[in-house]
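S.K.: Chains as they are written, first to last, in this note's numbering: chain R, 1 to 306; chain S, 307 to 617; chain X, 618 to 862.
These aren't lab readings, by the way, just hints derived from the structure by calculation. Warning: the hint list may mix true and false statements.
[What the hints assert, rightly or not] Quick list of the computed label-pair ranges, beta carbon to beta carbon: (1) S:W391 <-> R:V150: 53 to 61 Å; (2) X:S686 <-> S:V581: 46 to 54 Å; (3) S:G457 <-> X:S779: 53 to 61 Å.
[Unchecked claim] Coverage of chain R stretches by chain S, computed from C-beta distances (three or more under 8 Å per stretch; other residues unrestricted): (4) 47-57; (5) 70-80; (6) 230-239.
Every residue gets a Cβ at the ideal spot worked out from N, C-alpha and C, and that includes glycine.
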Amino acid sequence: MTWGLVFEQLLNGLQYGVMLFLMAAGLTLVLGIMNMVNLAHGSLYMVGAYLAVALTGWTGNYFAGVALALLCTLLVGMAIEVVALRTLYNRDHLDQVLATFGLILFFNELVSMIWGRGAQYASLPVWLQGHIDLFTGSRYPVYRVTILVVGLLVAILLWYVVTRTRLGMLVRAGASNRTMVGALGVNIKLLYTVVFGVGAALAGLAGLMAGPIYAVQPGMGELILIQVFVVIVIGGIGSVRGALVGAIIVGVVDTLGRAFLKPLLGSVISPPAAEAAGPALASMLIYLLMALVLAVRPAGLFPARG
Amino acid sequence: MITKRMLLWLVFVLVLVALPPLATVLGQTYYIDLVRRMLILSLAAISLNLILGYGGLVSFGHAAYLGIGAYSVGIMSFYGVASGWLQWPLAIGASALVALAIGAVSIRTSGVYFIMITLAFTQMLYYLGISLAEFGGDDGMRLKARSQFTGLVDLRDPVAFYYLALALMLFSVFLVYRIVNSRFGMVLRAAKSNDARTRAIGFSPYPYRLAAFVIAGAMCGLAGALYANHTNYITPGLMSWQQSGDLMFMVILGGMASTAGPVLGTFVLLLVEEVLKGWTEYWQAVLGPLLVLSVIFFKRGLAGMFYKPDA
Amino acid sequence: MLEVRALTKRFGGLRASDGIDFDVAEGETHAVIGPNGAGKTTFISQLAGNLRPDSGTVRFAGADITALSAPRRARLGLARSFQITSVYPDFSALHNVALAIQAHSGHSFRFWRDARSDPQLIQPARKILGELGLGERSEVLAANLSHGEQRQLEVAIALATSPRLLLLDEPMAGMGIEESQRMITLLSSLKRRHTIILVEHDMDAVFRLADRISVLVYGRVVATDTPEKIRANEEVRRAYLGTEA
Chain R
1 MTWGLVFEQL LNGLQYGVML FLMAAGLTLV LGIMNMVNLA HGSLYMVGAY
51 LAVALTGWTG NYFAGVALAL LCTLLVGMAI EVVALRTLYN RDHLDQVLAT
101 FGLILFFNEL VSMIWGRGAQ YASLPVWLQG HIDLFTGSRY PVYRVTILVV
151 GLLVAILLWY VVTRTRLGML VRAGASNRTM VGALGVNIKL LYTVVFGVGA
201 ALAGLAGLMA GPIYAVQPGM GELILIQVFV VIVIGGIGSV RGALVGAIIV
251 GVVDTLGRAF LKPLLGSVIS PPAAEAAGPA LASMLIYLLM ALVLAVRPAG
301 LFPARG
Chain S
307 MITKRMLLWL VFVLVLVALP PLATVLGQTY YIDLVRRMLI LSLAAISLNL
357 ILGYGGLVSF GHAAYLGIGA YSVGIMSFYG VASGWLQWPL AIGASALVAL
407 AIGAVSIRTS GVYFIMITLA FTQMLYYLGI SLAEFGGDDG MRLKARSQFT
457 GLVDLRDPVA FYYLALALML FSVFLVYRIV NSRFGMVLRA AKSNDARTRA
507 IGFSPYPYRL AAFVIAGAMC GLAGALYANH TNYITPGLMS WQQSGDLMFM
557 VILGGMASTA GPVLGTFVLL LVEEVLKGWT EYWQAVLGPL LVLSVIFFKR
607 GLAGMFYKPD A
Chain X
618 MLEVRALTKR FGGLRASDGI DFDVAEGETH AVIGPNGAGK TTFISQLAGN
668 LRPDSGTVRF AGADITALSA PRRARLGLAR SFQITSVYPD FSALHNVALA
718 IQAHSGHSFR FWRDARSDPQ LIQPARKILG ELGLGERSEV LAANLSHGEQ
768 RQLEVAIALA TSPRLLLLDE PMAGMGIEES QRMITLLSSL KRRHTIILVE
818 HDMDAVFRLA DRISVLVYGR VVATDTPEKI RANEEVRRAY LGTEA
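Isolated chain R (complex conformation) (with noise of 0.2 Å):
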């Protein structure tokens, strides 16, 4: 267990957190101003990764299936909103959990017919392909350091637009008191549709960004979906920043859990025992963190709303 190892992964943990902030962020805006719980944002996700592979073979360029892959998943996220979504806005949680649960049936098995239950192959156009040298001397792949930084500069753009821009001064109000927003005589459906047409795009980014280092397959979504959870509830509903925040922490300790619990444990106790308890500590770490959190703070670190 080198210094060198411990780098790289804490990395790997940025990166992985960068995108559960990315899926997080969307998420948490549409939870804290509509008031809705969407489990189909995992297959937003999805489908993000899914047209990518789709597109950038079909054009056989990649940067033209990309950007065609978050062109789609936006628009198919604006199309679920308006034909599945609008009618919800006004019901309870349960219920929106359960439509919600329907199109993640729905979603995946429409994929499993288009493309089969196995999973794709999603490949990297050969500029991606490297890796680069680091200061501790090992190698990290290219592909990685661009996620990341591609996640950094969403999060600057994000940021700016919350803070800076009269959009994000209504999507904060929104947040924090949605009726007020609706009394000033702003345009809330056209101010829903777009926020929830940036989460689809967001989680779509993610998703395409995704394919290549995990498997593209059937239920994907909801893996990720699952932890984001554990994100914005650590972060606080309605917080962008929060969403950062909780992003990061559980990346960075879901990584680190995985890779080294296992043998930090085996120099306490015996390996055989280790190997059994380590994967499963490891896996149960970032929900034993949120328990934690919740225990201290039950609105989460940075809540919206007062």
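With chain R's structure known, arrange chains S and X on it following the hints.
M.R.: Just chains S and X, lined up with the frame of chain R:
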């Protein structure tokens, strides 16, 4: 006084009782298996209805207790303890304990947080199940032998097992009915109806909700033990959030906060699944939109079509 | 019976309660009046335990209850009716009251006996509903009662908890003239048997029922006195009564 409701129940029970001999005579023993599965999952749905329908706790992690109950039986059987008298109380007890732990943390929160937290904890248990390589990990494990209740009932006899499942399901219906109309149940329902008012008259909802959560977990653990015996196979998938979602649909479709609701919902949902599975491999692509539509249009659930809900 | 000292509550920059001193003697009916936004409901909420004050103390029957939760205070004998009707819409009027009775008759961790027909709960509930003129409507779902009947139900529920102190937050909110008169008659019959804090806008009711009146303006008590003295008070007239009485 015989009410319409009681008559409907009587007819329903009679049909269920008559099913095995009828199916055997007609050579369609597959239906005994099918309906037995519905009975067992009805038991799980009834337990969820207690906290969800009557208590207003949107627990997205109820399938965890199906898993705990099933694994309790499976693991004990793995280590050579085949007696149902030991396995099933452990299944119930373990589920109750875990429900206590999860509930104690989760019930302090409300709304969306509660939904997400219960989901997260169940996912945690799911990952725990996957990582236990000794018990099959992701693939799950076979049940070595069905739980033994020597002298009382032989679960290897499909008809005897069926009647046991039926009896337990009916008993749980009765149990929940008594609970929700007792003093305890009234407080639970009041807390769902108007939390602020309930506090204002002197009740703190937390202990009541937690107690209901534990009871529901325990009952679902029993369903898990039954399920392990039914399928002879135990996988972590029993604890998946998809399974939790299924359970919730069984409760909602049937009509929350009604005695017959969960049973009705389970039977209808599983029947629809059976029919769809016969049509196409991609039956979930049909079921998904059906569920969405049912949520959007079918507010009161099926039981609401037959009679008004309990006041 | 109730002693409030230096009660302060801030919401951001707004001082909803600004160092309030307040007393209620046993058997007294003490009204709290003030313009909208004066902080009356905030005040009641802090007395009932729904809000935590930033500083100050609340003493009830000699004991410090400042840190106690709302259910605890209710069990000690503080009953509250809400300004915005807060009953159980899907329960009948009878069961609404029966629940309140249940809260104060032994513990409720009983899982078997049917509480819907328990005479220990139902009989006192019927009696209270009768006293409030809702006897005929006991089987009606609370959601189907008229607005005035719902306000009466609010009071009935508060009474059912055998309270030592009644906190009534605008019991006549939204009522027409006839219903208000009925409510005033009802409340005056309660005067003899209960200690009451009454928040109201209806000046007719306030002057007929109150033994003492406190005037709340911008979170501060500007005057506490008998009704006649309050009516004559210059500062109060300027701040509030000039536009109402």
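S.K.: Does each hint hold? Answer for all of them.
M.R.: Checked hints:
no. : hint                          : in the structure
1   : S:W391 <-> R:V150: 53 to 61 Å : holds, 60 Å
2   : X:S686 <-> S:V581: 46 to 54 Å : holds, 52 Å
3   : S:G457 <-> X:S779: 53 to 61 Å : holds, 54 Å
4   : 47-57                         : violated (count 0)
5   : 70-80                         : violated (count 0)
6   : 230-239                       : holds (count 4)
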